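Undergrad: Line by line, the protein sequences are chains A and B. FYI, the numbering used here numbers position 271 of the first sequence as 271, with every residue one higher than the one before it. FYI, the numbering used here numbers position 254 of the second sequence as 1254, with every residue one higher than the one before it.
In case anyone wonders, no lab produced these hints; they're calculated from the structure. Source: prediction; values computed, not measured. One or more hints might be untrue.
In the DSBU-like style, the derived pairs of lysine-lysine whose C-alpha atoms are separated by at most 30 Å in a straight line are [claimed, not checked]:
{"id": "1", "chain 1": "B", "residue 1": "Lys1420", "chain 2": "A", "residue 2": "Lys275"}
{"id": "2", "chain 1": "A", "residue 1": "Lys355", "chain 2": "B", "residue 2": "Lys1420"}
{"id": "3", "chain 1": "B", "residue 1": "Lys1247", "chain 2": "B", "residue 2": "Lys1413"}
{"id": "4", "chain 1": "A", "residue 1": "Lys306", "chain 2": "B", "residue 2": "Lys1286"}
Some chain A residues well away from chain B (every beta-carbon gap over 12 Å; in silico) [stated by the list, open to error]:
{"id": "5", "residue": "Ile44"}
{"id": "6", "residue": "Asn109"}
{"id": "7", "residue": "Glu148"}
{"id": "8", "residue": "Phe167"}
{"id": "9", "residue": "Lys251"}
{"id": "10", "residue": "Asp312"}
{"id": "11", "residue": "Arg327"}
From the three backbone atoms N, C-alpha and C, an ideal C-beta is built for every residue, glycine too.
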Amino acid sequence: MCGKELIGKIRALILVGGYGTRLRPLTLSRPKPLVEFANKPMLIHQIEALVEVGVTEVVLAVSYRAQEMENDLSEEAKKLGVNLIFSHETEPLGTAGPLALASKILSENDEPFFVLNSDIICDFPFKEMIIFHKNHGREGTICVTRVEEPSKYGVVLYDDDGCIKDFIEKPQEFVSNKINAGMYIFNVSILKRIKLQPTSIEKEVFPDMAKERQLFALEFQGFWMDVGQPRDFLTGMCLYLSSLRQKKSEKLMDQDGVIGNVIIDPTARIGRDCKIGPNVIIGPNVIIEDGVCIRRSTILRESIIKSHSWLDSCIIGWRCVIGRWVRLENNTVLGEDVIVKDEIYINGGQVLPHKNIASSVPEPQIIM
Amino acid sequence: MLKAIILIGGPQKGTRFRPLSLDIPKPLFPVAGLPIIQHHIEACVRVPDLKEIILLGYYPSADLIKFVQEMIQEYKIAIRYLQEYTALGTAGGMYHFRDQIKSGNPVAFFVINGDVCGDLPLLEMCDFYGEKDALVVVVGTEAIRNQSVNYGCIVNDKNTGEILHYVEKPSTFVSTLVNCGVYLCSLDIFQILASLFKKKEEEYIYNDLCSSNNSSIMQLEQDVLRPLAGTGKAFVYQTNNWWSQLKSAGSAIYANRHCLQLYKKRHPEWLTNLGIQDLQVKQTPKIIGNVFIHPTAFIHHTAVLGPNVSIGSNVHIGPGVRIRESIILSGASISNHSVILYSVVGRNSKIGAWTRVEGTPCDPNPNKPFAKMDNLPLFNTNGKLNPSITILGCSVSVPSEVILLNLIVLPYKELSRSFKNEIIL
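Chain B with its partners taken away, still in its complex shape (with noise of 0.2 Å):
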C-alpha cells in the first residue's frame, strides 16, 4: 500500500502568486481548469497501490473542506486535509502527523510539493524505488546551468543514480540535475526526522530558550537530503518529462498550456472538441488548438478561443471575442469583439466591448533545452515593471474599448481608462 503527502503550504506562503492568490488558495488556483493540486491528485490516482491522499498544510480548514470532499466525491479515494499548527516546514509537518502517515503500515509514500506542476512520473518511481534500498527518492530533472542554482542540485552516481552530494540554491554553479520536489520515501525516514528533532530539541534548550527557532521546523531538503547525501540511501529518479515550478504569478498561462497539453495525452475527452461534442448544434465557437472550456460556460458561436485557452464555470463569452494563451475564471464575462491574449481575467471580472487585455509572455527560452521558467521579480533593476502576463483580479471591472498591456490588477477594481505597465493597487 502506497500512500501520498501533497504539501500545500500556507496563506502567508506564495506570495509572487498575489494578486491569483489573494482570494483562493494558491493550491486551488485553476491551470487548465483544473486546482494546481487536483492535477497532482490525478497523478496519485493513477498509481494502482495508493491508498490515500493527504493535503498537508496550515490553511485554515474551512478554505479546503468543499475541495476535499469534492475529490473524495470524484475519485473515490480517502482524502484528508491535516492542519498544522503553524509553519512547520517540509519536513516538520510530516514529522508532526507522523503516525497518520504510518497508519495502515504503506510500504512507502510519495512527497509532493503543492506549487510544481508537470507530468509527475510516479509509477516509474515505484518501479526504481523497488530496485534500491532507498530510504527516499527524489526527481530530479535537468535545468541550464545558469538558472540550475536557484534549485535544490543534485550531484548523483550516473549508473546507480545515488545521490552524492546536494546543496539547496547554491551561489556557484554545481550541477544541471535538480530537485523537482517530488519524492518517494520509506517509513523509516521518520527515524531520521526523530533523530533529528532530538538533536534541534536539545539545541532549543541549550540556547535557553531565547533563540526564536521553534526545533519541529525541518526542512526536508536542507535537514534531510542533504545529510543522506553520499550514504547510499537516497537515490534521484531523472526525468525528461516537463516539469515547472508554479511560484510567480507569471507563470500561470506557461503552467496552463504545458497542462493542456498533457490532456492530450491522459484526458483528450477534456478538451473541447466541439466537432464531436455539439453535433446536435449547428454554430459553434471557433476552437484552435488546446482548449478548456467549463461545461457550464457560455461562448458564443462568433467567438474564437485557442490555443492554450481555459475557460471556468459560468463564464460568459460574447460575440466576436477572440482568447488566446489565457485563463478565464469562473463568473467572468467579456463582452463583443474583445480581445484577450496572455492573462488571466479573474473570478466574476467584467471585460467591456472592444477592449484589449494583453500581457507579455515569460516563458522558457525555447531555443534553450531544458531551460526554466525565469521567475523574475516584479520591477527590473531600473524599477521598472517587469512585461509580464496581464492579471486582473477578482470582480474586476474594465470598460469598453481600452487597452490593458502588461498589467496587475488587485480584486474589485473599477477600471475607467487603458492602463499599461502598472500594477492597480
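The shape of chain A in the complex, shown without the other chains (with noise of 0.2 Å):
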C-alpha cells in the first residue's frame, strides 16, 4: 500500500512562522511547533505523517527561536529517518513568501511538493492527496474540510470535480462548509508565481491560479482541527483521541479510575481513587495524587497535581504545582510553572509563566 511507490523523492514545507500568540502562555516558553499534543511537539505529528508517505526532506520556514526548534526537533528527526532543513525568514514573509525563499530545495526534483500550516492536528490525508493531485495533473491541489461554522475560515468554492471557482475569506453570510484545510500539494511550477517578499498564498497566489483553473480541491473525510489556541487545542484534542479509538490504538489507557479515552504516559504516576477522563492527556512523569478528578485536560510533563482536586478543559503547562482542593475549569491554561496554592478556584484563568497562585480568579482573566 506504500506511499513510497508513487513518486521519487518527495519534499514539504511547513510554514512554521511567528510567535504563535494566540496560544500563550504556553508559547512564552516554548515555540508552538514544539508544545506537546497528546505527548508529541505538534510538528512531529505533521512529520510522522509525512514520513509515512515517504517524504524524505522536510523544510520547516521559521521566523523565530529557531535555534531552539532546531535543538529538539533535529534528534526526532532522525529517529524518524528525515532531514530537516531550517529555512529561515529575516523578516515574516505570510504563507507564500516561504516558498520562495525555499525554492532552491524545493526544485531539486521535478516532484510536487507539500505545504502546510503548522496549527493543523488531523487524519492527515497525504496519500489521496498525492493520487488526487497525479490524478488532476494540475498545479496545485488543496485540502478542504467540512465544519460547522465557516465564518471563521477561508472558504472554498468549487465545481463537482474539485476545480476550485472562488474564495470567500471569513463569509458573514453562508455560502458553503468547505473551507481551506491548510494543507497543499504544489507543481514546481507554482514557484514562479512567488516573490520573494511577504505574500499571502491564499490572497495573492491561489486566485490567479483558480481562475486558471489550475487549483483543485479534495474533500478529506478525517477530523480536523486548528489548535491554535486553547479552546480548539482541547477540541482538538477530544477528535485526536477519538480517532485514536477508532484506529484502536493501543496508546488509549484501559485501567481502573480511567474512563473514556485517555492517554497517560508511561512514566507518570496516577495515585488511588482517581476519576481520569474522558478525554485527557497525561505527559511523562506527571504525578497525579490520590482521589484527583481531572476531564478533557491536557497536562503537560513534570507536572504534579495533588491530592483532591478537580480539573475540567484546561492545560496544564510543564512543570506545574496545583494544591490539593483546587478547582480549575473553563479553558484555564497555565504556563511554565505555575504554582497553584491549596482549595483555590480558577475559572478561564490564563496564567502567564512562573506565577503563583494564591487566591481564586472566579471570572475568565489574564494572570501577568
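Since each chain sits alone in its own frame, please combine them into the complex, following the hints.
TA: As C-alpha cells, this is what we get:
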C-alpha cells in the first residue's frame, strides 16, 4: 500500500511562522510547534504523517526561535529518517514568501511538494492528496474540510470535479461549509508565481491559479482542527483521541479509574481513588496524587496535581504544581512552572509562566 | 435573686436571616453547634444568683417546647417560654408578662435581645448596677463612625456612665457608643412602662379607635431609654468584649467563628481536640484551629476540617473532604473530595463528590478597630446580588463535580448543575 512507490523523492514545507501568540501563555516558554499535543510536539505529528507517505526532506519555514526548534527536533527527525532543513526568514514572509525563500530546495527535482500550516491536527490525508493531485494533473491541490461554523475561516467554492472557482475569506453569510484546511500539494511550477517578499498565498496566489483552473480541492472526511488556540487545542485533543479509539490504538489506557479516551505516559504516576477522563492526556513524569478528578484536559510533563483536586477543560503547562482541593475549569491555561495554592478556584484563567496563584480567579482573566 | 428575659421575637421577624430561618426559628439556629439563644442561656447560668430564664416572643409554643425542655434538663434551672399573643415590641411583652417577671421579687432582671451574640459581661453588669442607683443599665460598645448610625446611639457621662442622650438609628452622627441590646433592669421600670401604657391607651381612645396603633406595643429603646436619658436613672456599661448582631444570614459564619473562639476561653472541651479524645483510634481527621463536631457526626479520617467549622448531629463527611469557615447542619452529608468554604449547609442536604461550595466572607474590616459586620442588603444598587456566604437550605441536593459560588438556595431544591451569584427559589 505504500505511498513511497507513487513518487520519487518528495519534499514538504511547513509554515511554522511567528510567535504563536494565540497559544500563549504556553508559547512564552516554548515555540508553538514544540508544544506537545498528545505528548508529542505538534510538528512531529505532521512530520510523522509525512514520513509515512515517503517524504524524506522537510523544510521548516521559521522566523523565530529557530535554534531552539533545531535542538529539540533534530534528534527526533533523525529517528524518523527525515532530513530537516530550517529556512530562516529575516522578516516575516507571510504564507507564500517562504516558498520563494526555499525555492532552490523545493525545485531540486520535478516532484510536487507539500505545504502545510503548522497549527493543524487531523487524520493527515497525504496519500489521497498525492493520488488526487496526480490524477487531475494541474498545478495545485488544496485540502478542504467541512466545519460547522465557516465564518471564522476561508471558504472554498469548487465544482463537482473539484476545480476551484472562488475563495471567500471569513464569509458573513453562508456560502459553503468547506474551508481551506491549510494543507496543499503543488507542482514546482507554482514557484514562478511567487516573489521573495511578504505574500499571502491565500489572497495573492490562489485566486490567479483558480482563474486559470490550476487549483483543485480535495475534500477529506477525517477529523480536522486548527489547534492554534487553547479552546480549539482541547477540542482537537478530543477529536484526536476518538480517532485513536476508532483505530483501536494501544496508546489509549484501559485501567481502573480511567474513563473514556485517555492517554497516560508510562512514566506518569496516578494515585488511588482518582477519576481520569474522558478525554485526558497526561504527560511524562506527571504525578497525580490520590483522589484527583480530571476530565477533558492536557497535563504537560513533570506537573504535579495534588490530592482531591478537580480539573475540567484545562491545559496545565510544564512543571506546574496544583495544590489540594483546587478547582480549575473553563479553558484555564497555566504557563510553565505555575504554582496554584491549596483550595484555589480558577475559572478560565490564563496564567503566565512562573506565577504563584494564592487567591481564586472566579471570572475568566489573564494573570500576568 | 436575679432573672433573665431573652427576647426571641417571632416568625414574622428576622426575615433577613432567611433562608436559614425558613425551617427553624431563628433563635434556634445553631452557631458554633449551639442554638443562638443557648449561648445566652450559657451566659445566664454563669451568674450565681440567677434563678429563672424567661424566653419571651410570639413563636407558637410548639416551636420551642422541645428546646425549653432540653435546656431545663441540661442546665437544671427554671426556664419558661412566654408567648405574646402578637408582636408587642421589646418592652410591650415585658409589660404584658410583668406579674410573671416580678414574681419571687428579683432584685433586678436581665433583658437580652435574642439576635445579638457576643461575650456578654453579665457579671460585670451586676457589679456596675450595684454601684449605681439605676433603673436600667445598658451594655454599650464602641462602633466606627459611619456604622454607628445603624444602631441605638448613646451619649454618656464619661465618669459616671450616666446616659445623657439616646437616639435609635439616627440619620446623622451622634455617638460611636452603641447599644448592644443587653440590659439589666430594676423592677421599678414597670412603673415607667405602666405610665407609658396608660398614656398610649389614652391616645388610643382619644384617636377614636381608628388608629391602628396598639397601645400595648412599646419599645425599650425609643419608649423607655430615650425619655430616661438625662434623668440620672439610666447608665451604660461599656464593654470591649466581642459583640455582634445576628441580623442577616451572612453574619452566621462570622458569629460562628467568634463563638468558637469564645469556647476556647470558657469551654475548651467543646472544641475538637482529637489528639486527646480519640487516643484509641489510630487515624483521625486533621483538625485545624477551632472546630466543633457533634459526637454523633461521622468524619472520615482523610477529611480536613477547620479553622472555624461547626458540624451538627448525624452529619456524614466522606473521604478527602475539606471544610473551612462553615456550618454543616444536622443530617447533612458531603461526599468524597468536596470542598466547603464560607458556607452554611442546611439540614439533611446532600452534596456529591468533587463539588465545591464556596461563599464570600463579608466580615467587618479587620483593619478598623470596632468595625461591625455590615448587614448589606441582598442586592446592590446595580441590582446585582452582593457576594455573600453560600447558604443551602434544608434538604438541598447538589450533584457531583459542580461549583456553587455565592449562592443562596431555598429548602428542598435539587440542583443539577453549577450556579454562581444567584438565589435559587
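Undergrad: Now tell me, hint by hint, if it's right for this structure.
TA: We went through each hint and held it up to the structure:
{"no.": "1", "hint": "B:Lys1420 / A:Lys275", "result": "25 Å, holds"}
{"no.": "2", "hint": "A:Lys355 / B:Lys1420", "result": "26 Å, holds"}
{"no.": "3", "hint": "B:Lys1247 / B:Lys1413", "result": "24 Å, holds"}
{"no.": "4", "hint": "A:Lys306 / B:Lys1286", "result": "17 Å, holds"}
{"no.": "5", "hint": "Ile44", "result": "34 Å, holds"}
{"no.": "6", "hint": "Asn109", "result": "57 Å, holds"}
{"no.": "7", "hint": "Glu148", "result": "24 Å, holds"}
{"no.": "8", "hint": "Phe167", "result": "42 Å, holds"}
{"no.": "9", "hint": "Lys251", "result": "26 Å, holds"}
{"no.": "10", "hint": "Asp312", "result": "8 Å, violated"}
{"no.": "11", "hint": "Arg327", "result": "5 Å, violated"}
Hint check: violations occur at hints 10 and 11; the rest are consistent with the structure.
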